Amino acid sequence: MSTRRDESERIALLQGTLDLLILRTLLFGREHGQGIARAIQAMSGDEILIDHGSLYPALQRLETKGFVSAEWGVSGNNRKARFYKMTASGKKQITLEQKQWERISAAVGRVLSAANPAG
Amino acid sequence: MWFRKRRDEDFAAEIEAHVRLEADQLMAHGIPASEAESAARRAFGNTTRAQERFYESVRWLWLDELVRGVREAVRRLSRDWQFTVAAVLILALGIGANTAIFSVVNALLFRSHPFPNIHRLVNVYQNVTERAAPAPVSFPAYRDIVSSSNVFSAVTAILADDARYQASDGLRMAFVEHATSSYLEVLGYRLTAGRWFTEAEDRTGVGPSAVIGYRTWERQFGSDFAILGQTVRLNGTPVTVVGIGPRDLTSTTHPALVTDFWLSMSALAGVAVRGNLAGILERRGDRNFEIRARLKEGVTVAQAQAAMDVLARQLAKDYPDTDPGKGITVLPTNQVVVQPGEPDAMIAYGSAVIMAIMSLVLAIACSNLATLLLVRGAGRAKEVSVRLALGASRWQLVRHFLAESILLAMCGAAAGFILSQWAIQYLSKLPQLSFDIRIDYRILGFTVAIGLVTGIAFGLAPALRATKVELLSGLRDGDGSLSFTRGWFTLRNTLLTGQVIGSFLLLMGTGVMIHAVMSLQAQELGFTTQGVALVRVGTRYAGYEEAAAERKHQELLRRIRAIPGVQSAFATNGAPVGSSVGREIEIDGVAPAVGASLSAESAWASPGYFETLQIPVLFGRTLQEYDSPGKPQVAVVNETMARRVFGSPNAVGRRFRYGGIEQSREEKVSVEVVGVVRDTSPLQVATKPEPLFYLSAAQSGVETSTLVARSSLDAAGLLKAMQREVRSVDPTLPVLQARTMEQVLEGRLYLWKQGCAMLGGLGVLALVLASVGLYAVVRFAVSKRSRELGIRMALGARGRQVVWLVMRDVTILIGVSISIASAASLAGMVLIESASHVDVPGADSATILSVVVIMAATAGTAAYFPARRAAKADPSKSLRHE
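As you go down the protein sequences, you meet chains A and B in turn.
Quick note on this note's numbering: the first sequence kicks off at 1395 and runs consecutively.
Quick note on this note's numbering: the second sequence kicks off at 72 and runs consecutively.
Certain hints may be false.
[As the list claims (entries may be wrong)] Negatives, chain A to chain B, calculated, CB over 10 Å:
id, residue
1, 1423
2, 1426
3, 1442
4, 1475
[Unchecked claim] Chain B side only, calculated, beta carbon under 10 Å to chain A, not exhaustive:
id, residue
5, 91
6, 93
7, 114
8, 116
Don't read these hints as lab results, they were simulated from the structure.
What you are looking at is a predicted structure, and each value in this text was computed from that prediction instead of being measured.
Note that beta-carbon positions come from the ideal geometry of N, C-alpha and C, so glycine has one too.
The following block holds chain A by itself, in its conformation from the complex (with noise of 0.2 Å):
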């Protein structure tokens, strides 16, 4: 039970970046956790592999948040799935965390590409 806080802990550092990514596969319409994960990987050049085990957490999460909704539907290939859809609240959060997100990674970009201060 005491490893539980380390592992909290590591999904707290995803939880973000994951989020926005969800979100942002969700601005081109309804769909289901497999088309999301899909989606990420296509979209990213196969860069990201999503852990499935973090996927529909992560989900539970912003559909709880009130970020998307949820219903069951049927797939294209005629297969039951849950379908997610962004809200309103969804769409004012993610312009929300794209400016956050690309506010860090110019920051981290800086740091990184910084020359030494002391030299």
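With chain A fixed as given, assemble chain B onto it according to the hints.
Same frame as chain A, now just chain B:
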């Protein structure tokens, strides 16, 4: 669980769907169906872990763990059911006693009046005494308030009283309120049936009528509308029932009282038993009425007060003789419990004292439970170590322990609540007046709150203590982690000391009470009780006219005097001894000093009084038959009055004037002292004889329905003979009281004995609890040291030495506790004595000593038994045990 938003199955289905979709896609890329599925599953990873995460994400995890903790606690507690039963019982007693008392206090203090629109209702008082304390109002002043003011939309006057009425099962006590015709309008109620009083009934000389209280109508008259128009005999006077009271109004005087009858003012003359009330509606000096008024629309309390100030000045100018000009007070009705000032303060003070005692009991019960939990927790050191070693956090373990103690406390609270309801049912049957002690949200809240506080406050410390285990030694088998040698100021020692001190204080209170009762019993009475008996008959309630009643009393007296063995007898009013009325007196020819007034107690006596009770006459004569109403008024005084008021032992021939209840204050009656008698005991605790004078019952015009006789034979036989005589004079005459003098004296101890029983019960309860705590602690210490003791005994230690070894620390602990407690109680007694004006029964050294001995003996015994068991144990067994 209600807080779950999405079911686990739904989530599992989603994961399953994912795997299907993945497999479909793989197959579309040409992978055979048999491999696609397992590949898809591999790609997903650990589905169980995902589900677990989902499970954790949608729940309030701590609540979930709490539920689990409670479930575990239930299992643990039911396994150790002896401990559980004991703990729940301890708590139930503590919480139950508190809840019961709080219910009464709640009814007395906190329940608000139910009147609609109460913020527009005010009480109006005429002020009295130097401090201008608000007090009841005279009826003429009430009329002035009604006619002079334009601040009230309606005003009513109320006079509370009690009366006996003829019910189907004999005479019953009733609480009555005389009220004016405006009453319902002021309070804002509608009758259930019938009519209220008319304005014509607001004066004497009109037939009396009554409105029966809804509850009384329900309980005593079976909710029968046929009661309307019938007559009920109240104090013997036939009163016509004209209405049935509002369903949701119990009483004006106090929300916990139940008014049996509202009576018209015209009923005052016939029904009221207090002195001579015939002229009460006209006299300005007699202030007996409670005033309730409803403010006019838009008028504030301050404006009403200003208007009343104007009226007060006018009254002081118009009636300088009867109005001391102290003013009139207007108070919002919801700020007053019964009467502002002293009465309300007394109720609050008394409630606070009782609640304090009760909290002490609860604190003892709680600290006792904490001790038990502590010992239990120490016994689980190994289990705790294992859990910690397996990775449980300390906070989780604390929660674990807390769940247990909260569960115990809640069970205790539930059981305590049931106990308290029994107690209340018993209590509300006790007094003859009906009280209305209902359960409301405050009581339930109170019980739950003290249960929770108990569980957390007294479970937390043991929980923290129990989880603070050093892993290695704990796993090895916690040795002596609870031994006394770890320093004196431990949690457990503090708890034990607290319990011993608490029970000591309660026992001390009981000791003081017992001491008071014994000193009462040992008092020199100053009169005889041997062969004396009395009967009180209800001629009034049987409907006799005043003159006819007096004739009956005299006839009865003659017959009693003729009973064989009777040496002397007399007829008087009320209790023959121990009840007196304080009156202001003035000595003729001596002007009273400004601001100071003389006062003395007064009692009624008749010819034969001093002879029957064998009170020695020191000077002059006793009351005689010829001291009749037409003759000059005479009085007999006791020696204290002769000395203190007249300044000489022989006061015969001196004169004084008295005023009081049946005379209005403006006219005092002049009397001549014809005799001085020896002091009698005032039958109170720790009071010396007061100045007392005896008035002739015949000259005072009071009814003489109490017949007292002394026989040379035994009192019990005399009592039977007297009751026979009553039946032969009139078989329908109710006997209100029939007792020997011994029984009468016993009766005056009733309240004290009740107090003794209650405090004593609590004291014994506390003592038992403290003993249980001591027993548990010593027993635990012994079990922890069994190996050491075994070795010592194997090496030749004697049993006595082992007992002492175990007992030494406990003995010191008990000794310290008792010393602190005795010092505290002595200091407390000195404090109370210096702070209060009332006589506080003190304790003598014998009382203190016996409490100390009882305490030490009980506590010592509780510790001794486990110690002795250890000494008797077979060393070879205890050595092999580990």
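Here is how each hint holds up against the structure:
Distance check on residue 1423(A): its Cβ is at least 17 Å (rounded) from any Cβ of chain B, clearing the 10 Å threshold; non-interface status holds. Not every beta carbon of chain B lies more than 10 Å from that of residue 1426(A), the smallest distance being close to 7 Å; the non-interface claim is violated. For residue 1442(A), the condition that its CB be more than 10 Å from all CB atoms of chain B holds, with the nearest at approximately 14 Å. Chain B draws residue 1475(A) into its interface by the beta-carbon criterion, the shortest separation being 5 Å against a cut-off of 10 Å.
The closest approach between the C-beta of residue 91(B) and any C-beta of chain A is roughly 5 Å, which is under the 10 Å cut-off, so the hint is satisfied. Here the hint on residue 93(B) is kept, as its CB sits about 6 Å from the closest CB of chain A, short of 10 Å. Contact between residue 114(B) and chain A, as hinted, is supported at the beta carbon level, the nearest pair being about 7 Å apart and thus within 10 Å. Contact between residue 116(B) and chain A, as hinted, is supported at the beta carbon level, the nearest pair being about 5 Å apart and thus within 10 Å.
Hints 2 and 4, counting from the list given before, are not met by this structure.
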